[in-house]
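Heads up: the protein sequence lines correspond to chains A and B, in order. All the letters of the first sequence, read from the start, carry residue numbers 2 to 213 under the numbering used here. All the letters of the second sequence, read from the start, carry residue numbers 72 to 387 under the numbering used here.
It should be emphasised that the hints constitute simulated quantities derived from the structure, not laboratory data. One or more hints might be untrue.
[As the list claims (entries may be wrong)] Listed next, with one range per pair, are the computed distances between beta-carbon atoms:
{"hint": "1", "chain 1": "B", "residue 1": "85", "chain 2": "A", "residue 2": "128", "range": "42 to 50 Å"}
{"hint": "2", "chain 1": "A", "residue 1": "47", "chain 2": "B", "residue 2": "73", "range": "20 to 28 Å"}
{"hint": "3", "chain 1": "A", "residue 1": "130", "chain 2": "B", "residue 2": "154", "range": "48 to 56 Å"}
{"hint": "4", "chain 1": "A", "residue 1": "56", "chain 2": "B", "residue 2": "85", "range": "43 to 51 Å"}
{"hint": "5", "chain 1": "B", "residue 1": "204", "chain 2": "A", "residue 2": "126", "range": "50 to 58 Å"}
{"hint": "6", "chain 1": "B", "residue 1": "369", "chain 2": "A", "residue 2": "181", "range": "30 to 38 Å"}
{"hint": "7", "chain 1": "A", "residue 1": "136", "chain 2": "B", "residue 2": "352", "range": "51 to 59 Å"}
{"hint": "8", "chain 1": "B", "residue 1": "255", "chain 2": "A", "residue 2": "182", "range": "31 to 39 Å"}
{"hint": "9", "chain 1": "B", "residue 1": "387", "chain 2": "A", "residue 2": "174", "range": "15 to 23 Å"}
{"hint": "10", "chain 1": "B", "residue 1": "347", "chain 2": "A", "residue 2": "199", "range": "40 to 48 Å"}
{"hint": "11", "chain 1": "A", "residue 1": "86", "chain 2": "B", "residue 2": "279", "range": "23 to 31 Å"}
{"hint": "12", "chain 1": "A", "residue 1": "73", "chain 2": "B", "residue 2": "279", "range": "48 to 56 Å"}
{"hint": "13", "chain 1": "A", "residue 1": "181", "chain 2": "B", "residue 2": "204", "range": "42 to 50 Å"}
{"hint": "14", "chain 1": "B", "residue 1": "111", "chain 2": "A", "residue 2": "144", "range": "37 to 45 Å"}
Built from N, CA and C at the ideal position, the CB exists for glycine as well.
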Amino acid sequence: MQSPNQLEISRRDLLISSTATVAVTGVAADGAAAQSAGKIMDHTTKVSFTVNGERRDLDLDNRTTLLDALREHLHLTGTKKGCDHGQCGACTVIIDGRRINACLTLAVMHEGDQITTIEGLGEPGNLHPMQAAFIKHDGFQCGYCTPGQICSSVAVLEEIKANIPSHVTGDLTRQAHVTPAEIRERMSGNICRCGAYSNILDAITEVAGTRA
Amino acid sequence: MRAFTYERASSVEAAAKAAASNPEAKFIAGGTNLLDLMKLEIETPTHLIDVNDIGLDKIEPTQDGGLRIGALVRNTDLAAHETVRRDYGLLSRALLAGASGQLRNKASTAGNLLQRTRCPYFYDTNQPCNKRQPGSGCSAIGGFSRQHAVIGTSEACIATNPSDMAIAMRALDAVVETVKGDGSRRAIPIADFHRLPGDTPHIETVLEPGEMITAVVLPPPIGGRQIYRKVRDRASYAFALVSVGAVIQSNGTGRIAVGGVAHKPWRVEAAEAELPNGARAAAHVLLADARPTEENRFKVELVERTLAAVVSEARG
Ligand SMILES: Cc1cc2nc3c(=O)[nH]c(=O)nc-3n(C[C@H](O)[C@H](O)[C@H](O)COP(=O)(O)OP(=O)(O)OC[C@H]3O[C@@H](n4cnc5c(N)ncnc54)[C@H](O)[C@@H]3O)c2cc1C
Ligand code: SF4
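Taking the hints into account, I'd like the entire structure generated from these sequences.
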């Protein structure tokens, strides 16, 4: 704690100390805190999660999306910001085995989660089979949507294995199979403005085939 | 985005109490609609209550043979659930026709029911919109209204409810269970849950401020052919222009709820009574009071054709 006569008192410290005493000045009241359930709350929150196998502890402005935390705070810039509104899929990452849009979730909502980004799937010299297949089949042109496409593809094959149906699954009571129609439908949340779709489909089909 | 404080609720009661004590607070579930709108400062809560970790993520049978779906069950899990696939296929189909795989992994049952309209003027903060800013006017009336409602509209707003899931819930007669800040609970039939725009298009449901959804309950299965047909501008990952959710029995009777045409899932029991006389007869009753704009007049015929396709699929 800071000594009482220290001049440089941060607003955060002021708020913490004001919980112990009666708020004698107006400063604490117009500070960045809100009162809820007897707790003083701040506009920042501590959060710990694991990214690509490494534990990360952050103290973030509550507004920080998971996407911005990854890119701006952890400097994992493989995950891309496209539309920032969940419409393009460039920010797709895998959390506890499930793909999501990192732009439409707050970083502070991921306490304890296991997050995998494109950097965690593979690296130069040790590529994930899906990364290798995208290169082999030329599944990109400019490459901007590619990290999201690859994270999504890896998760799509797991979803089919886990018996999650899709819009094009014929019989809901049966397990879906890997077919071009299933892959296209399941990949529709990843937009590629270069239009590399048919090569992306070839890459995913190959990985699905070799894994079966 | 405006700054806000954040708490991870520890229980249903704590979450409801926190909401009751702060009128500017909002619950956050998947965040896929709320954060989208907060980025545009269309939603500006000063406090977020995270309800993801309070045990509302279960799907359980009810005593009378129905199904209780926790408010936080993800759209993916609900669509993939064995009982839902077998007994409430319409619900699986409607969920799978919505959004993308990534979004369905986050989107929750409650959040889906409460998602707001996709009216482009609602999203454009430079334009008047009674729903976003009460009293400012409606830009869609006389503007681009191809996607908008054709029935149940008002002079104040012609927006649609964009949820696919809600159409299935309406046809299946689901019941929304809630808790208020004082701990009292109630059960709201889905038919009464969403409101028509009237003079207050910014009030979209009958939920009271701070009231939290805990579950959505389905009555026992009713069998029949369950079909969800969604007509949209692309084959996947687009909101409906028109959608039809139907449960058709082998004797030709059934239930139909229609999406993309109104501020709430549109279901008219008198129209269902016409079903044995064919899609055309049913559609005429369903949309008898339609007041389309020049730009969305096509929806009236599209509903009839989509319903015809559904009826013939059910027979086939
Ligand atoms: C690009 C895109 C495409 C989409 N396409 C479709 C589509 O084709 N069809 C479709 O149906 N939907 C579509 N959606 C919408 C999507 O289904 C919704 O965003 C999602 O269902 C919202 O759920 P959520 O849990 O993320 O809600 P949140 O964003 O967390 O919350 C939404 C609202 O519900 C409130 N809330 C959440 N939980 C509770 C609770 N337990 N009690 C009370 N209030 C609560 C929140 O305060 C907020 O006001 C699309 C979304 C995007 C971004
Ligand atoms: S239709 Fe409703 S949501 Fe759209 S501009 Fe008019 S008032 Fe706003």
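Beta-carbon spacing of residue 347 of chain B to residue 199 of chain A - inside the hinted bounds 40 to 48 Å or not: Check passed, 46 Å falls within 40 to 48 Å.
Assessment of proposed distance window 20 to 28 Å (beta carbons of residue 47 of chain A, residue 73 of chain B): Between residue 47 of chain A and residue 73 of chain B, where Cβ atoms are some 21 Å apart, the hint holds.
Range agreement (Cβ of residue 154 of chain B with Cβ of residue 130 of chain A, hint 48 to 56 Å): 35 Å Cβ-Cβ, so the 48 to 56 Å window is violated.
Satisfaction of the hinted span 50 to 58 Å by the C-beta atoms belonging to residue 204 of chain B and residue 126 of chain A: The hinted range 50 to 58 Å holds for residue 204 of chain B and residue 126 of chain A, with Cβ atoms some 55 Å apart.
Outcome for the supplied range 30 to 38 Å, where the beta carbon pair is residue 369 of chain B and residue 181 of chain A: Given about 32 Å between the Cβ atoms, the range holds.
Distance restraint hint 43 to 51 Å, applied to the beta-carbon atoms of residue 56 of chain A and residue 85 of chain B: violated (28 Å)
Pairwise beta carbon distance, residue 136 of chain A to residue 352 of chain B, judged against the given window 51 to 59 Å: holds (58 Å)
Consistency of beta-carbon spacing, residue 174 of chain A to residue 387 of chain B, with hint 15 to 23 Å: About 18 Å separates the Cβ atoms of residue 387 of chain B and residue 174 of chain A, which means 15 to 23 Å holds.
CB-CB spacing for residue 144 of chain A and residue 111 of chain B relative to the 37 to 45 Å hint: For residue 111 of chain B and residue 144 of chain A the Cβ distance comes to about 29 Å; the hint is violated.
Beta-carbon spacing of residue 181 of chain A to residue 204 of chain B - inside the hinted bounds 42 to 50 Å or not: holds (47 Å)
Range hint compliance [Cβ, residue 86 of chain A to residue 279 of chain B, 23 to 31 Å]: 30 Å Cβ-Cβ, so the 23 to 31 Å window holds.
Distance restraint evaluation - residue 73 of chain A, residue 279 of chain B, Cβ atoms, bounds 48 to 56 Å: violated (39 Å)
Consistency note: the structure conflicts with the earlier hints numbered 3, 4, 8, 12 and 14.
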